[in-house]
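My request is simple: use the sequences and hints to build the entire structure.
2 protein chains.
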Amino acid sequence: MIRVAVDGMGGDYAPQFVVEGAVNAANDFPNLEIVLVGQLNALKRELNRHKVLGGKIVIEEATEVVGMGESPVASIKKKKNSSIAVCIDLLKRKEVDAVMTAGNTGAAVAGATLRLGLLPGIKRPGIAISTPTMQGISIAVDVGANLNPSSEELFQYALMAESYARCIHRKKRPSIGLLNIGEEESKGTDILREAYKLLRESQLNFIGNIEGRDFFTGKADCIICDGFVGNVVLKMCESVLETSMVIISRELKKNPVTMLGAWLCKPAMSSIRKQTNYEEAGGAPLLGVDGTVIISHGISSAKAIRNAIRVAGDMVEKNLNTHIVEQVNNHAAQLSNHAAEKARE
Amino acid sequence: MIRVAVDGMGGDYAPQFVVEGAVNAANDFPNLEIVLVGQLNALKRELNRHKVLGGKIVIEEATEVVGMGESPVASIKKKKNSSIAVCIDLLKRKEVDAVMTAGNTGAAVAGATLRLGLLPGIKRPGIAISTPTMQGISIAVDVGANLNPSSEELFQYALMAESYARCIHRKKRPSIGLLNIGEEESKGTDILREAYKLLRESQLNFIGNIEGRDFFTGKADCIICDGFVGNVVLKMCESVLETSMVIISRELKKNPVTMLGAWLCKPAMSSIRKQTNYEEAGGAPLLGVDGTVIISHGISSAKAIRNAIRVAGDMVEKNLNTHIVEQVNNHAAQLSNHAAEKARE
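So the protein sequences, as listed, match chains A and B.
This note's numbering puts the first residue of the first sequence at 322, with every later residue one more than the last.
This note's numbering puts the first residue of the second sequence at 322, with every later residue one more than the last.
These are computed hints drawn from the structure, not numbers from a lab.
Check before you lean on any hint, since a few could be wrong.
Identical chains share a label here; the pair holds if one copy fits it or two copies do between them.
Unchecked claim - In silico DSS-like links for lysine-lysine, alpha-carbon gap of 27 Å or less:
| hint | residue 1 | residue 2 |
| --- | --- | --- |
| 1 | K663 | K518 |
| 2 | K508 | K401 |
| 3 | K556 | K518 |
| 4 | K518 | K508 |
| 5 | K508 | K398 |
| 6 | K508 | K399 |
| 7 | K540 | K556 |
| 8 | K587 | K574 |
Given below as structure tokens:
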């Protein structure tokens, strides 16, 4: 049985959607047990509105809440009894196997990094997101934890993303693309050129630089980028479908023939919506910390929460962190040679 | 009469599409005269395939060509008789009023910056792109000239974008948004926080930070960003429609009912395609250099070339650069106070 601590108070629609998603996960996945963390009364009240099969949800009290707008590091240091801090402490004490939160992203990153520490050899954690493409699914790292990564950090993001694509997306030899402003090796900043070199000399299946458009085409299984551009692009992707639908339906309503056409197309449209729905992908793992932590969007629906919990269970079951450590070890010599070379320059 | 020098050899489909676009511009816009620059035989051969009304195209010889993959600064220094270098020299000598090229972007930026110099007070040039939104059109600066702008440079991009939105997009009091990873003032890097402060204290209509999704929503008339994220996002935008159409038609072809529906929707779809078509917007002005220079995508169609030439004429007619210099002058005191403050810290 895999135990997942769920931050019951985190997210724009907490505790309502979080509890509903947790209940659905508990009922749908026989190998999961949920520890709902937060204010007792609020969680009990929500829990009473649902039917949980087989007592697979327990509540753990946390009296405080970190708000969505609070300063990450300050709040995590001050509010020792917040739902996110208690979740992470449960993981630290190994009373649970994973943590899922839809609360303040910065607080989750800071809390996990400070209290759990990093996996051996890892320099900085990165947030990963699974993104639907024309060819299936890709993973992008980082999408918001590290706005100015070094070339070595970008390289380690590739190592972690590759492990994720192998273990969770079940890809045999995932391809790695470095997000840049052109395909040529000479493009971009010094940091990107150095990361390109590290990737090319590694044992990874590096396919070179990729461009903005490749977020949709699925050219690379793993998209490596800094947290700033990753975050901007992620938020664009999320809005593309929504915006397209608004534009299209506005246009279709202009005359009865196209309205009929739209009605006939409906089944195809919902199929597309499902394929490209971020709710299906479920949450963003914080890779590189010593523990399994999934961060969901603040606006997550119950379905998104359920799927994020599923991914957390999957990461534990497949021992993702063991694979990451192995991958980092395999490339440790390369990184230290690179550092020595840079020091000589 | 406004004279526009057109780089006849620049672009993936040069000289064919460039000449066709130039001919269309000459025929469609009575106030424009085109100086086609490049290899005589190649240009004459293409020109002979079209009918030009009223002799509004002349040819100027340039024997060399800068390839799309060549190093920008090196090629501009070495190939003094390349089509792009000759175009810029014509502008420098005021024999033309503007330059349009679909060739090597880096060479165009380097050539224009080195030979024309910058407008008084401007620190770095920026590439601007007009982007279709749900509410009409916005302008984004920078999309590739400056990968690591300072806060002062970002601020000047706002001043230039605002002038463009007023003069060319004819907006009364254009709103300015700073592309960031969250709306709060505290978000992003130190440089972005400083740019936020400069913008807030200025006379501009600054609406704060905007996020990736706002590229489509049209929340801001002017989107200010560094050239790296701007370029990535631009290339994503360009592919969104194309990719959506592939996904949608693949899905619609799965059964006869949705195929009929799709056929009925066709007129609405072409209307959307027209609204969101980058060909309509026409080229990317290089703002901040002392002269009017428009850079078009290497894959530009004849229609895109025609529209880029139209925009070049528009910029000259509306005296955009005079407005930019005025705007920069109006904010010069603010920038120098800011610099003095920073020096004291």
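For the identical chains here, do K663 and K518 meet the 27 Å Cα criterion within one copy, between copies, both, or neither? within (13 Å within a copy, 37 Å between copies)
request  = Up to 27 Å between alpha-carbons, please classify K508 paired with K399: within, between, both or neither.
outcome  = between (44 Å within a copy, 21 Å between copies)
Intra- versus inter-copy proximity for K518 and K556 (alpha-carbon distance at most 27 Å):
This pair counts as between: shortest inter-copy Cα distance 24 Å, intra-copy 29 Å.
Intra- versus inter-copy proximity for K398 and K508 (alpha-carbon distance at most 27 Å) = between (41 Å within a copy, 20 Å between copies)
Check: Is it within, between, both or neither when you check K587 against K574 at 27 Å Cα-Cα?
Finding: So K587 and K574 pass the 27 Å test inside a copy (14 Å) and across (13 Å) alike.
Checklist entry - When no copy is specified for K518 and K508, does a C-alpha distance of 27 Å or less occur within a copy, between copies, both, or neither? => result within (12 Å within a copy, 31 Å between copies)
Q. Are the CA atoms of K540 and K556 at most 27 Å apart within a copy, between copies, both, or neither?
A. both (20 Å within a copy, 14 Å between copies)
- State whether the alpha carbon distance between K508 and K401 is at most 27 Å within one copy, between copies, both, or neither. between (46 Å within a copy, 24 Å between copies)
Going down the numbered hints, you'll see the structure goes against none, and every one checks out.
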